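Modelling step: build the complete structure from the supplied sequences, incorporating the hints.
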Amino acid sequence: MKEQATNGDISLTNFYARRVLRIFPVAYLYLAVVAVLTVLFSFDMPLLPLVKAALYLSNTDVITEARPWLTGHYWSLSVEEQYYVIFPFILTRGVRAFMIVAVATLVMIPISNYAYAHGYFHQGLPSFVCQVLRNLGGPIVGSIAAILTFRDRRSINIPERYRSMTSILLFAAAAVLSTNTIVTVPAFISQMLIAVMIIINIKPYNGFMFTFLNSKILMWIGVLSYSLYIWQQLFTANMPWAEAYPPITNSPWLNLIPLFLVSYLSYNFFEKPLLSLRQKLSRVPNAAVTTPSS
4 MKEQATNGDI
14 SLTNFYARRV
24 LRIFPVAYLY
34 LAVVAVLTVL
44 FSFDMPLLPL
54 VKAALYLSNT
64 DVITEARPWL
74 TGHYWSLSVE
84 EQYYVIFPFI
94 LTRGVRAFMI
104 VAVATLVMIP
114 ISNYAYAHGY
124 FHQGLPSFVC
134 QVLRNLGGPI
144 VGSIAAILTF
154 RDRRSINIPE
164 RYRSMTSILL
174 FAAAAVLSTN
184 TIVTVPAFIS
194 QMLIAVMIII
204 NIKPYNGFMF
214 TFLNSKILMW
224 IGVLSYSLYI
234 WQQLFTANMP
244 WAEAYPPITN
254 SPWLNLIPLF
264 LVSYLSYNFF
274 EKPLLSLRQK
284 LSRVPNAAVT
294 TPSS
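So in this note's numbering, spot 39 of the sequence shown is number 42, and the numbers just go up one at a time.
These are computed hints drawn from the structure, not numbers from a lab.
Treat the hints with care, as some may be off.
[As the list claims (entries may be wrong)] Calculated pairs, DMTMM-like style, for lysine to aspartate or glutamate (alpha carbon to alpha carbon, straight line, at most 25 angstroms):
hint	residue 1	residue 2
1	K206	E6
2	K275	D47
3	K275	E83
4	K283	E84
5	K283	D12
6	K5	E83
7	K283	E6
8	K5	D155
9	K275	E84
10	K206	D155
11	K206	E163
12	K219	E163
13	K5	E84
14	K283	E83
The structure presented is a predicted model; accordingly, all values stated were derived computationally and were not measured.
Next comes the structure, spelled out in structure tokens:
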């Protein structure tokens, strides 16, 4: 939308090139490292799940139903890539068309989930569609929030003294709903609550939540977030080296130290050079359009 406001059109070619540079290199680096470690140390990592992760199909039962721990987290990366296959094209048809399709998809998700859970559409293309729909709510809700924020250019109008408490209540409600222990609701309901919380905190104010969300440590974690996501499975549970010296090597908390170190190195020496190339493909100068959301 920034690009359209600046240039009058949208280059999907450049968009996909930027996405590829942001997502693919580190994603495939991790898979290559896992493949090498599997050969050297006989990890329990079959070939087919690696191929499945490389094709961004880990949220489906295509190729194989197995989803080993080391590539288990690629299910959400697969959701993101599948979202990019469809929805950017719809946005080029206009915001109205995008919103209609987005809302219609959100309505379809719980219907599809119910049908799939009760034994319908378990084979062929209908099964694949149900599995893809299952988790599309997250990126759709995020996109709707970004569009509304971009067009409105302001946050939700709540008095400053209530914003932190409202944010905490929204976050708590989202956490409770996402556990599905009290009431079963579509996942995108809790995601909507988080989106509202973010919008409330876009506009600066003197409050705990705004200060916390903009703290240096949280912003640093945000910078490393994609690398942390990619490398997490090697360090957070089922560590391949867990039994080497169990008091240390089997501790998820102590393994957070090498996780952050690897993520830091991955970002600074592998991702960062590619991000500069990605910026060259942007048709929107950094200061061309001022908007409250990034």
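Hint check results:
Our distance criterion of 25 angstroms between C-alpha atoms is met by K206 and E6, whose separation comes to about 23 angstroms. Proposed proximity of K275 and D47 is contradicted: the alpha carbons are some 32 angstroms apart, above 25 angstroms. The hinted pair formed by K275 and E83 meets the criterion: a straight-line CA distance of about 21 angstroms does not exceed 25 angstroms. At roughly 22 angstroms between alpha-carbon atoms, K283 and E84 fall within 25 angstroms of each other, so this suggested pair holds.
Only pairs whose Cα atoms come within 25 angstroms are accepted, and K283 paired with D12 is accepted, the gap being roughly 18 angstroms. Between K5 and E83 the CA atoms are separated by roughly 21 angstroms; this keeps the pair inside 25 angstroms, and the hint holds. Proximity of K283 to E6 is assessed by CA-CA distance (about 14 angstroms); at most 25 angstroms being required, the pair is judged to hold. At roughly 13 angstroms between alpha-carbon atoms, K5 and D155 fall within 25 angstroms of each other, so this suggested pair holds.
Between K275 and E84 the alpha-carbon distance is near 21 angstroms, which keeps this suggested pair within the 25 angstroms criterion. The straight-line distance between the Cα atoms of K206 and D155 is roughly 12 angstroms, inside the 25 angstroms bound, and the hint therefore holds. A hinted pair counts as satisfied when its Cα atoms are at most 25 angstroms apart, and K206 with E163 qualifies at roughly 10 angstroms. Distance check on the hinted pair: K219 and E163 sit about 22 angstroms apart at the alpha-carbon level, within 25 angstroms; holds.
Straight-line distance between C-alpha atoms of K5 and E84 comes to about 21 angstroms, which keeps the hinted pair within the 25 angstroms bound. The straight-line distance between the Cα atoms of K283 and E83 is roughly 23 angstroms, inside the 25 angstroms bound, and the hint therefore holds.
Consistency note: the structure conflicts with earlier hint 2 alone.
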